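There are 2 protein chains.
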Amino acid sequence: MSFDPATLKYNDSGLIPAIAQDATSGDVLMMAWMNAEAVAATLKTRRVTYWSRSRQAFWIKGETSGHTQELVDFRLDCDRDCLLVLVNQFGPACHTGRPNCFYTAVRDDDEIELTSPVT
Amino acid sequence: MSFDPATLKYNDSGLIPAIAQDATSGDVLMMAWMNAEAVAATLKTRRVTYWSRSRQAFWIKGETSGHTQELVDFRLDCDRDCLLVLVNQFGPACHTGRPNCFYTAVRDDDEIELTSPVT
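Residue numbers (this note's numbering), protein chains in the order written: chain D, 1 to 119; chain L, 120 to 238.
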């Protein structure tokens with residue numbers, strides 16, 4: 001039996017959301033999009049690979065920044081339209097230089113910043 | 120200063136993805152969609168409220184099943200197009216009766232089931 005990326009449910013643009021979670025800390029790092037080929041590349045190479053909608057190109061996370069994600073576990077949800085990748089994250093996950101992308105919280109109706117860029 | 124849900128980035132259907140994470144265990148429970156009104160309702164009532172695309176209606180998580188999500192923290196990502204809600208989850212989060220929706224893993228090219236429905 002062999003996992004077929006085509007059996008996942010993609011949107012009209014051929015994309016599926018992928019949540020990246022730190023396999024050690026449990027922190028949710030980011031959410032980005034994959035197409036079927038990016039799914040296959042992620043599983044084959046163990047380097048998490050997304051599809052960049054803005055650049056219309058494959059995006060091996062960290063290929064430019066060095067902040068790569070090594071795949072620890074690949075999961076899909078109950079209706080096969082969302083992915084969860086557990087990863088070892090090297091360096092900050094967010095392009096802003098923060099550990100993860102979810103650094104803004106709404107508290108008492110105000111936005112507050114939870115972390116600063118890692119220098 | 121007051122947080123305005125209209126300042127988030129919604130897709131062409133007026134929806135933004137929302138990842139729910141257990142505030143205690145760190146488990147990623149599910150991902151579903153919110154519109155601006157669901158965001159506002161979530162923040163106001165502290166009961167996580169999504170928008171059901173299939174039913175085209177608001178969906179207060181657990182309104183039918185009792186498996187509600189109490190909002191602990193509301194976060195947004197760096198480009199404001201994805202939400203992360205930390206929650207206290209009452210009962211199983213997944214409609215299949217499992218603790219969370221991400222119970223299928225791809226390992227050695229096969230799909231395996233990580234949890235069974237809670238009876």
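By construction, these hints were calculated from the structure, which means they are not laboratory data.
Treat each hint with caution, since some may be false.
[What the hints assert, rightly or not] Far from chain L, some chain D residues (derived; all Cβ distances over 12 angstroms): (1) 5; (2) 18; (3) 37; (4) 57; (5) 58; (6) 59; (7) 68.
[What the hints assert, rightly or not] Computed Cβ-Cβ distance ranges for the label pairs, DEER-style: (8) 125/L with 53/D: 17 to 25 angstroms; (9) 165/L with 47/D: 36 to 44 angstroms; (10) 91/D with 173/L: 37 to 45 angstroms; (11) 45/D with 171/L: 35 to 43 angstroms; (12) 125/L with 45/D: 34 to 42 angstroms.
Predicted model, so just to flag it, every value in this text is computed and none were measured.
Glycine included, each C-beta is placed from N, C-alpha and C at the ideal position.
Structure versus earlier hints, numbers of those that do not hold, lowest first: Numbers 1 and 2 - these are the hints that the structure violates, sorted from lowest upward.
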